[in-house]
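> Start from chain A and add chain B according to the hints.
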Amino acid sequence: SAVISQKPSRDICQRGTSLTIQCQVDSQVTMMFWYRQQPGQSLTLIATANQGSEATYESGFVIDKFPISRPNLTFSTLTVSNMSPEDSSIYLCSVRDNTGELFFGEGSRLTVL
Amino acid sequence: KQEVTQIPAALSVPEGENLVLNCSFTDSAIYNLQWFRQDPGKGLTSLLLIQSSQREQTSGRLNASLDKSSGRSTLYIAASQPGDSATYLCAVRPMTTDSWGKLQFGAGTQVVVTP
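Respectively, the protein sequence lines represent chains A and B. Using this note's numbering, the first residue of the first sequence is number 836, and each one after it goes up by one. Using this note's numbering, the first residue of the second sequence is number 49, and each one after it goes up by one.
Chain A on its own, in the form it takes in the complex (with noise of 0.2 angstroms):
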């Protein structure tokens, strides 16, 4: 199963400000997706982020609100935009293996205050 590490952890933030979550796995993938878990919820898929091309985004979530970069197989960021507390989530990173099987970083959990 491949190793996937997100960065912050955690971070508080002001409203109006921007946050970018990184994601890094340690082999190349061709799929990763980005998913959200607001308090006391399931999760949701925001977007798949594309190697080479713009997001697929989910019915709900636009780019100017969550802009996704994938520069290469192993690498991901996911930006949070004009926060609003309403932001407060668990944001995690995904990828998926041959198998169909997804696994998925620890997550990074905002505070938007």
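To be clear, the hints were calculated from the coordinates, so they are not data collected in a lab. As the structure is a prediction and not an experimental result, all values here were calculated from the model. You may find that some hints are simply not true.
[To be verified] List of simulated lysine to any residue pairs, SDA-like, C-alpha gap at most 20 angstroms:
(1) A:Lys900 with A:Leu854
(2) B:Lys90 with A:Gln873
(3) B:Lys90 with B:Gln158
(4) B:Lys150 with A:Arg931
(5) B:Lys90 with A:Thr934
(6) A:Lys842 with A:Thr852
(7) B:Lys150 with A:Thr865
(8) B:Lys150 with A:Thr891
(9) B:Lys150 with A:Thr852
(10) A:Lys842 with A:Val947
(11) B:Lys116 with A:Thr934
(12) A:Lys900 with A:Thr855
[Unchecked claim] Chain A stretches covered by chain B per the calculated footprint, using a threshold of three residues with CB under 8 angstroms from any CB of chain B:
(13) 880–894
(14) 936–942
Every residue gets a Cβ at the ideal spot worked out from N, C-alpha and C, and that includes glycine.
Positioned in the frame of chain A, the structure of chain B alone reads:
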């Protein structure tokens, strides 16, 4: 729309007892079902993946069954230990999605194993 339900929402057992966690889903058109463990404030650890053509998977003390036609999966954890205390999530990958990474998650079962 696919819905995934996990019952019970919370479970407390003494150490040594077997754990039985249930997951049901409304649409049997799935590619696979995956069980995860989540510790408080942390990411998810994959426990078992069951492909839609399989009936069960085993890993150590863990065994998961899948009955796709009835929309059910059960995770068994034998001889529970305090270290098994966590939230257990099941998730399905619906055939109705074109996203390779889109899983539909249940709300989870919070397990406490008391020494």
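> Does threonine 934 of chain A sit within 20 angstroms of lysine 116 of chain B, going by the straight-line distance between their CA atoms?
19 angstroms, holds
> Below or equal to 20 angstroms on CA atoms is what counts here, so check lysine 150 of chain B against threonine 865 of chain A.
Holds, because 15 angstroms separates the two Cα atoms, which is no more than 20 angstroms.
> For the pair supplied as a hint, lysine 150 of chain B and threonine 852 of chain A, is the alpha-carbon distance within the 20 angstroms limit?
Violated, because 29 angstroms separates the two Cα atoms, which is more than 20 angstroms.
> Next pair to validate is lysine 900 of chain A with threonine 855 of chain A; report whether the Cα-Cα distance is within 20 angstroms.
The hint holds at about 12 angstroms.
> Does the structure keep lysine 842 of chain A and valine 947 of chain A at a Cα separation of 20 angstroms or less?
17 angstroms, holds
> Are the Cα positions of lysine 150 of chain B and arginine 931 of chain A separated by 20 angstroms at most?
10 angstroms, holds
> Are the Cα positions of lysine 842 of chain A and threonine 852 of chain A separated by 20 angstroms at most?
Holds: lysine 842 of chain A and threonine 852 of chain A sit about 17 angstroms apart, inside 20 angstroms.
> Going straight from one Cα to the other, do lysine 90 of chain B and glutamine 158 of chain B come out at no more than 20 angstroms?
Holds. Lysine 90 of chain B to glutamine 158 of chain B sits at ~14 angstroms (cutoff 20 angstroms).
> CA of lysine 90 of chain B to CA of threonine 934 of chain A, is that 20 angstroms or under?
Roughly 24 angstroms between the alpha carbons, so the hint for lysine 90 of chain B and threonine 934 of chain A is violated.
> Measure nothing beyond the straight line between the CA atoms of lysine 150 of chain B and threonine 891 of chain A; if it is 20 angstroms or shorter, mark the hint as holding.
OK: lysine 150 of chain B and threonine 891 of chain A at ~11 angstroms, within 20 angstroms.
> Holds or violated: are the alpha carbons of lysine 90 of chain B and glutamine 873 of chain A at most 20 angstroms from each other?
13 angstroms, holds
> Has the given pair, lysine 900 of chain A with leucine 854 of chain A, been kept, meaning a C-alpha gap of at most 20 angstroms?
Holds, at about 11 angstroms.
Consistency with the previously given hints fails for numbers 5, 9, ordered from lowest to highest.
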